[in-house]
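Based on the sequences and whatever the hints tell you, model everything.
According to our numbering, the sequence shown is numbered sequentially starting from 55.
Hint data in this document are derived by calculation from the structure and do not stem from the laboratory. In this text the structure is predicted, and so the values were computed from the model without any measurement. Heads up, some of the hints might be wrong.
[Claimed, not checked] In silico DSS-like links for lysine-lysine, alpha-carbon gap of 25 Å or less:
1. Lys113 / Lys146
2. Lys94 / Lys113
3. Lys186 / Lys94
4. Lys186 / Lys146
5. Lys111 / Lys146
6. Lys120 / Lys186
7. Lys111 / Lys94
[As the list claims (entries may be wrong)] Label-pair distances were calculated between CB atoms; the ranges are:
8. Arg106 / Ile145: 18 to 28 Å
9. Glu109 / Glu142: 37 to 47 Å
10. Ser218 / Pro119: 19 to 29 Å
Beta carbons: idealized from backbone N, C-alpha and C, even for Gly.
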Amino acid sequence: MRKIILRSAGHAVLLTALLVGAVGCGGPDAFQVSEACGTKVAPDLIGQLLPRGEELKTKDTFSEPKQPRCEFEVDGHEVVGLRGDVVEPFIKPLEINERTMLRLGNPMPADVGDGATISDHAAMAVQACTYKGEESQYVLVIDGVENPEDTAERRRVLEEFLRSQLPVAMEAEGCRP
Numbered sequence: 055m056r057k058i059i060l061r062s063a064g065h066a067v068l069l070t071a072l073l074v075g076a077v078g079c080g081g082p083d084a085f086q087v088s089e090a091c092g093t094k095v096a097p098d099l100i101g102q103l104l105p106r107g108e109e110l111k112t113k114d115t116f117s118e119p120k121q122p123r124c125e126f127e128v129d130g131h132e133v134v135g136l137r138g139d140v141v142e143p144f145i146k147p148l149e150i151n152e153r154t155m156l157r158l159g160n161p162m163p164a165d166v167g168d169g170a171t172i173s174d175h176a177a178m179a180v181q182a183c184t185y186k187g188e189e190s191q192y193v194l195v196i197d198g199v200e201n202p203e204d205t206a207e208r209r210r211v212l213e214e215f216l217r218s219q220l221p222v223a224m225e226a227e228g229c230r231p
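The following block contains the structure:
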């Protein structure tokens with residue numbers, strides 16, 4: 055088992071990465087991340103979206119209440135970003151980010167939350183919620199994704215990640231469905 059990497063930043067969020075599992079032929083182990091942006095994540099899902107490498111760092115970046123942010127670095131290179139936002143109910147995040155998702159490759163709608171878009175290298179889901187007694191929406195975005203190498207498989211894992219992570223991230227932020 056490799057080192058457990060702990061790094062605190064911003065709001066003293068501890069992000070833990072466990073490195074386990076072999077990919078065969080003596081290659082680096084697959085990463086398994088159990089927590090990111092202050093919430094639990096499905097280790098096998100996020101690990102599939104990260105490239106193989108020797109060292110994983112997870113850091114909180116510019117997080118504020120209602121806006122958790124974190125980035126994953128593998129071997130010193132920023133690879134994947136994860137962020138959440140609590141936004142007003144009249145905002146249309148999927149429409150606002152339509153061009154960005156188009157630039158990230160072949161955006162297609164997905165049946166996650168109240169709406170989702172999966173592109174070749176990113177994914178976004180939106181869910182209506184109540185935040186501190188006010189009608190709101192929670193937006194979950196993951197971007198910079200290059201793995202798995204097979205695009206169809208990557209898109210499948212991105213959708214599975216959104217489906218799994220959206221309710222967990224909402225709950226952690228206090229945004230109730």
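For the pair supplied as a hint, Lys111 and Lys146, is the alpha-carbon distance within the 25 Å limit? 32 Å, violated
Should the hint that Glu109 and Glu142 are 37 to 47 Å apart at their CB atoms be regarded as holding? 39 Å, holds
Regarding the pair Lys186 and Lys146, is the alpha-carbon distance no greater than 25 Å? Since the Cα atoms of Lys186 and Lys146 sit roughly 20 Å apart, the hinted pair holds (cutoff 25 Å).
Are Ser218 and Pro119 spaced within 19 to 29 Å by their CB atoms? Since Ser218 and Pro119 have Cβ atoms about 23 Å apart, the given range 19 to 29 Å holds.
Please verify whether Lys120 and Lys186 have alpha carbons no more than 25 Å apart. 11 Å, holds
Arg106 versus Ile145 beta-carbon gap, inside 18 to 28 Å or not: Roughly 37 Å apart at Cβ, these two residues miss the hinted range, so it is violated.
25 Å limit on alpha-carbon distance, applied to hinted pair Lys111 and Lys94: 16 Å, holds
Between Lys186 and Lys94, is the straight-line Cα distance small enough, at 25 Å or below? 22 Å, holds
Going straight from one Cα to the other, do Lys94 and Lys113 come out at no more than 25 Å? 14 Å, holds
CA of Lys113 to CA of Lys146, is that 25 Å or under? 28 Å, violated
Going through the hint list in order, the structure does not satisfy hints 1, 5 and 8.
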